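Trainee: Build the complex: two chains, separate frames, hints provided.
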Amino acid sequence: MKQLEIKKTLLLSILLLFSFSSYSQYSRNLSGYVSDYRTGEALIGVKISLLSWGSVTYTNQFGYFNLSVPVGDIQLEFDYSNYKQVVYDLNLKKDSNVLVALKEHVGGFGTNNFRRKSLNDIESPIVGKTDLPIELIESFPYFLAESDLIKGLQMIPGVNAGNEGFSNLYVRGGSADQNLLLLDGVPVYNNNHFFGLFSVYNSEAVNDAQIYKGGMPSKFGGRLSSVIDITMDEGNTNEMSGNLTTGLMSARLLLSGPIGSQDKTTYNFSLRRTILDRLFDPNRDDNSETITNFYDLNGKLKHRIDKKNQLFASIYTGRDKYELSDISTDSATNQNFRTGFLLKWGNLTGNLRWNHIFNSKIFLNLSVAYTQYQSNLTYTNEQVGTSRNPQFTSRERTNGIRDFIINSDWEYNLTNRHKVNFGSSFIRHNFNTGKEKSENKNINNTSNGIAEIGNINGTKTYELALFAEDNFRINKYHFLQWGLRLNNYITKGNYVPLVSPRINYRLILNKKLAFKSAYNRTYQVTNLMTNRGTGGLATNFWSPSIDEIKPQSAHQFSLGFANKINENLQLNIDGYYKIMQNVIEVTNPNFFDVSEDWKNFVKQGSGNAYGMEMMIQKNQGWVTGWFGYTLSYTNREYETLNSGNSFPFSFDQRHMFKVYTNWKLDDYLTLLGALTAGSSPRFTMPTNKYYDLNGNLVLDYGEVNNFQPNPYIRFDVGWIRTTYGVGVSQEMKITFYNVLATKNPMSVFAEQDDVQQQAFKAMKYNNPRFVPGITYKMIF
Amino acid sequence: MGNIVLRLFGPLIVIILISCNAEEVDPASIGVVQEKLVVNGIIENLSDTLYFQLSSSEYAYNAEFPEKLDTADMEVKINGNLQPVNFDPFKEKFFATTQTKENDVVEITVKKERFQTIFAKTIIPSSPKNYEVKILEGQGLDSRNEQSDIVQISFIDPPEQKNYYGFKLLYLEQGTNVFRDVIFEKNDMVLLGSDLIEQNDKTFIFSDIGFNGENKVLQIVPESGQGNFNPDVKYLLFFYHLHPDYYRYLASLKSYNEDFGNNDFSPFRLSSGVFTNVSNGLGIWSSQYQSIDTLR
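As you go down the protein sequences, you meet chains A and B in turn.
Numbering that gives the first Met the number 0 numbers the first residue of the first sequence as 0 and each following residue consecutively.
Numbering that gives the first Met the number 0 numbers the first residue of the second sequence as 0 and each following residue consecutively.
Pulled out of the complex, with its shape left as it was, chain B reads as follows (with noise of 0.2 Å):
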């Protein structure tokens, strides 16, 4: 009877398999597509060097590397102060040696034969008002419930715009020169919110939701083994106070970074492109201001 029956509609069903197909797409139907500068900068005010890097996008299609270029007719503006440009060959960056400072103006413009013009800009956040670290030793309990310090941030939040934070915390490992990262419990409301992005090398960015305009204390606890409570041991913090573009370049980043991955499941995914904000470029061009506290 299987026979039989095979016979008989194994044909259709070959027919709706082989009539089902997958094929390339004809790139040139995707539309004519301009190469566009991309610039990548995150300007930091206790750095004395400014790094930047230019490149070219690539037509998706094409099987060759985007070009890191090395050549440019470029302004970097401070303040409206025009800044002198080189390139790190080792690198592949362009710098400006200069210090920067909460609230400076930082500009780009760069010209290039076949390219639009791009421009960019950005105003370094300010310091975050009434920003005090401190250790309160052995006065919290980790997830073992075992005694631990508590590494405090506090800082007043400014109620007119949404603000973007973020802080790494390292130990230094006794009898070694290394730091590590502190593992810690995550049970702070914004280290729970849905706009938590976590970095490969353990900075933690989040949005003041939840705090808008008030005095925000975040405590973390180290877990055990992390050098808790024990009074010879350094903590390093490093505390950031983010451009919006900035958190929005990371956001999208991840987003992209996970949609891309997911590629093989579901080939319905809306597809999520990287915030830019290069006019007529791609790319970054934002600032964070940055705090670095060795505590004990």
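Pulled out of the complex, with its shape left as it was, chain A reads as follows (with noise of 0.2 Å):
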């Protein structure tokens, strides 16, 4: 009898949540894209409500809204930050498709205009999400006054960027390559130019990022800590635009506009490359050569169709270059060599989107994606000035990653209460872990032979992700959204089903108060090969989890509270407790020899982080910015490291501070302000010296992650002077990176005396300190 009851209470629970009619009053569905007036760019989480019915929607990342509305006279407002809130009259007879455009707000003199409100709206049913304000980002008084995506998000709370000088996200407690980068919904497999001192995304080129280091929709999948999504501008639809920029490092251009008369299809190219390398070599004479360089090319085209077809093409492709080459003489031959030394690594991604409004309640994001990145690292050695049989060799050793996807999402408005996202993901991975290639050929290109080792035919393993998600408007203060995903894992004809449920809560306490709670189970199938957990270098490759490397995986929860506090002053605090399984940790990984098997220095263990991360944002007026702090707690368990015991994760930073302010003295004149001070990165230094069983000297390490270098401390200030003409502005930015001049450890370690082998000392490599950087900007 009793299970009787039980029986009915959730019969009748599941009922209610699937109560889909008794909203049976919305008979008519709106659906569209909200849009640019200025740029036709497609404009992302504007807020659409329907005034006096209390049903709230928001655009996607195609600027696509869905909403049911009643028969009748309505009301529809769209209210995106610093635009023009527009609420417009209608009756609608029957399901529409609608093409609506917002005119931007011009502020007042010295005034911010921003495109997001917030960086974690109240609204917003997920904990742990921030919206990156890419204006700013762009005007960061970063190293060499270049902008920098990634820079930008390591200022943000719960993101730390690990050691000095690399372009590495931390987030949470996790890892480097616990990450979904996400660049136009394509993974991008390395963030790093120039040897991580910037990153490879171009700000420019940038539309919107949102980074989920909480909670996570189920469309995501395949990293454990979390979601960086990139969407790339679209181009504009009304006019050519576009920059050009120059500085020290780098310079960039950018063009944007539309092909043809009809406002149908519409470009936006980006180019950057170093110049660095054209204007000063130290190292270059007669005999020697360095060339250092990097470029990125990003691309985009749109084409609308009709009302309810799009498509999209869009590309990115970089390249670092470090080339050493030398002549020498052998003293006892009197023969000449030309050696030389070319390590090449970069990205390459590109993207055919098809979006359809198949009615007004369906809508289809459909892609054929490919993404690749390697890594080619060749010595040769060549036999000059001499006309009998030169000799010619040469090793090139290659790592890299190739992936082949499709995607399908699917967006499904089953009431104004229910919206129901859904859809499929194929991946098939190709992993290159590394191999080589020797050459030995004469002068003529004749080869004497080719000798070819390690992982030559690569290893191929398979992604298949199904997933839904229900968007449950309980009421006016009830949001859940929660779903599930099924990834399909096939490596060497094995199966592994991976199942992770999402669930994410929020609350409305009242207008300016919002509790949001996230639950996230995750996984991880690809791992990056690196030391200390410091991605990014050309010698780190991607490895598959295969044989008795098991996949990586996460539980997470989360809490968190927004407070607005006033239009333009918003408060969130968030904490969070993260498990790990099966996280990885290398041990002298030897990236030289690729004959050697990588999983021999693969351990697997566990680990866990905690911590709170406060965030209190001003996002308009003449001063904007920032203030964040946290509070962290990560560690790390390996039955073969520090004997078996629990310790601190090598980026287990405690207290982080991050500020950035941003003056707009007047129209002319912005002041730049960004300090970063907490914590810094742990390091493992010996205590003591022994000998070991065979007569030995080693190093007693004592615990790992024994030593905390003195505190972090970095403050880069700058300044944009903006001049206006007829057509085109000017933008001047001068920048001065640590300005304190203060010694940050980028690197802490032993090495053995010279002399005395006996002795070791402690070595560390410092940041740079007081470095002025300009650049300057033309924009038409």
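Relax, there's no trap hidden among the hints.
Result set (PhoX-like, lysine-lysine): computed pairs, CA atoms no more than 25 Å apart in a straight line:
| hint | chain 1 | residue 1 | chain 2 | residue 2 |
| --- | --- | --- | --- | --- |
| 1 | B | 120 | B | 253 |
| 2 | A | 263 | A | 102 |
| 3 | A | 598 | B | 185 |
| 4 | B | 161 | A | 598 |
| 5 | B | 253 | A | 760 |
| 6 | B | 253 | A | 602 |
| 7 | A | 306 | A | 46 |
| 8 | A | 46 | A | 617 |
| 9 | B | 185 | B | 201 |
| 10 | B | 185 | A | 491 |
| 11 | B | 185 | B | 167 |
| 12 | B | 253 | A | 549 |
| 13 | A | 742 | A | 760 |
| 14 | B | 185 | A | 434 |
| 15 | A | 598 | B | 253 |
| 16 | A | 602 | B | 185 |
| 17 | B | 90 | B | 120 |
| 18 | A | 511 | A | 46 |
| 19 | A | 510 | A | 83 |
| 20 | A | 617 | A | 102 |
| 21 | B | 67 | A | 760 |
| 22 | B | 161 | A | 602 |
| 23 | B | 90 | B | 67 |
| 24 | A | 475 | A | 511 |
| 25 | A | 83 | A | 617 |
| 26 | B | 161 | A | 549 |
| 27 | A | 434 | A | 598 |
| 28 | B | 201 | A | 598 |
| 29 | A | 563 | A | 83 |
| 30 | A | 83 | A | 511 |
Counterexamples of contact, computed for chain B against chain A with all Cβ distances above 12 Å:
| hint | residue |
| --- | --- |
| 31 | 70 |
| 32 | 81 |
| 33 | 85 |
| 34 | 87 |
| 35 | 89 |
| 36 | 129 |
| 37 | 230 |
| 38 | 289 |
Keep in mind the hints are simulated off the structure, nothing from the lab.
Given the structure is predicted, the values throughout are model-derived calculations rather than measurements.
Beta carbons: idealized from backbone N, C-alpha and C, even for Gly.
Mentor: Dropping the structure here:
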């Protein structure tokens, strides 16, 4: 009898949950796109409210929205920060599809105009999600006055930069490879340019960027710690526009505009390339040469076929090159040899997408994508200045990953209370965990022999993920997003089902205060082989979870409060607890020997991370920016490391303060300041030396990560001077990096004394200090 | 043009290069470190003398060598019975003249001024069950497809815990009294595992991953020129059942040596220490069960 009652209660709950019929008064469906009036670009995250009815929806990453509306007169409000709020009076006779263009609000004298009202809106159901203000990040006073999206992300609470000088992200105690970086929906596997000093994301080509640190929609998967979803600019539908920027490090060109006269097709194209190598080479002389450079190319085409169909094609390619060559003479034979060292690495991504509105309730985004990361290291030795059978030998080592991806994302507006997202994602990974080709040939280019070793044919794995998610607006206050992701992982004929439930819940307590919570289960089957979790070096490589290497997994619980103090000021406080399993540590990866099995160096263990993040942000007015504080604890535990005892993660940085301010004194002058202060990363330093069983001297490292240098402090300042002309404006940005000249260690390690072999010394490399930078930008 | 640019940007490049320098860390900032007693001893069942070395550790950043100790207040017990211990000045080691056997509990306690008292304990592993070694004459094919012997080791692995084994195979060079290492093809699963440790003396150490609790048959096929398929050639096989602590020590030592040797390539490496089972001290106090068989 009792069992029967329980069954009845369950049935009732399920019926209530799917009580779609109770909203049958919504008998018309309205869908469409919202764009910028001036440029025609899609606006992401526009709030659309059905006034007097309480129904609310937001535009997705394509500017698409969908809402059920009642028969009769209605008022529809479109609200987006720094855009004029508009209210339309409508009376729909049938399901309709519309295109809405919003006009940018022109602020008062000396005010900043940023698209996003808030970096973490109180109405967003997802805790730990931050919308990045691209305009603020573009003005960030980074090294040599360059704009950099990743460096801006590193200023967000809960996101650590790790070792100084790298473009890595350590989110809530996660490792560098645990972040899914999507550029127009395609994963990018290496963020680092110029050995990490700059990231591969040219912020001028970016329309929107969001980071998910806590709650995560079901459509995302494949990484444990975060998703960074970056959308590239689509292009200006009305006129050609662009800018040309040059600095000490690089020059950039951005062009955007319509193709044809019907405003149906737009393009956005940007190119960035280092100019330093063209200007100055400290090592160049007659016999030796050093070349260091990188470039990026972003391109995007958008074609609106009709009201219901849109096509997008986007491409990104970037490459770094570091080349050394030197001519030396063998004194015994008097023969000249040219030796060369060439290191190249880079990404290539491409994506073709089709948006289709089936009817005013169903939206499809179908994409076919490709992404590739490859690193090449080539040594050459060439005999020069002789005509008698000169020899040429080369050894080329490569590693990389290539993914072929097919995604389908569906949005089904069941009712205004239930919006269902579902879809699938197929990925074919092809890993090159390291192979080497040696070749010997004479000067006539005739090969005397080629030998190839390592992972010659690559390692292929497959992922087929299915996901479904219900966005359930229970009432005006309660919102529940609950879903499931099932990833079917196939490797070497083995099938591994990975089930990831996702729950996000939001409760609006009053007009100014919201409570949010989330539970996330995540899995990761692609792992970066790197030391100390320091990703980004070209010798690091991606490897699959295969054989004895189990998929990494995590549970994360998040709680948060969002408090809208006033129209311009918002406070967010988030707490989290994360448990990680099968996390990876790589001990002594001998990246230079491809004959070694990389699996020999992998250790898998567990970890946890917990902490609190606080952020106060001001997004309007003449002073904008944020203040962030993070309190975090992160530990790792491996059976064969640290005697099996738990130890703090390398980037367990207890306290971090981050302040970024942008003072727009008038329309011509903006002052910039960014301060990062807090606990330094941890390093493992030896404490004692002693004799081992064979009588050799070995070091006792004590505990892993036992040394934490003095607190990290870095203060970067700068200003932007703007001048306006007819059709052209100019910006001069001047910055000073690390103006306090603090010595923050990039690396700390022990080495044996060259003279006294029994002695060791501790060394550290510091970051650059007080480095000026300048860029000039012409906007047309 | 190049000169103009050099004048404009040269000073900046110099500023960047100078401002990003390497410097020595003040060792004091690494913290106060207490020196520890170090004991290194591996106990085997077939030996009638138990040797071990005692030393002290030294602060890593000092220029002195660690000190090898010849006196200390110590107790060595076998199954709770105190053993007399002496010092051999030539070997610079302590020793106790006693025969140990499988499952013996061997403990050590060392007290010395300035240091914390150290304690370590090991239980000599048992002999592998159903252990058998034999030659399958001429039944193997080596990597050159030439006929060869098979040296076959079989035993039953205990299921209740992770076990570690090792072997070393030698052959007697014809016409001499010299035993040489046998080179063989590593085609058995255990010899391909990531946990295999190949020591400098060609002892191969492996775990029971893949055959836990099962009957293991390990076949070794000597390579051509190693005395293969020659009825006159004698083989000498050392087989070990290692205490898990000894395995952990060897594995960590291997990792340490590879790690430190890679220092120049990556300053961002994860430094790993060497395993110790000595309470309040350093080093290894462990054991292995040893079998020696002459084949033919």
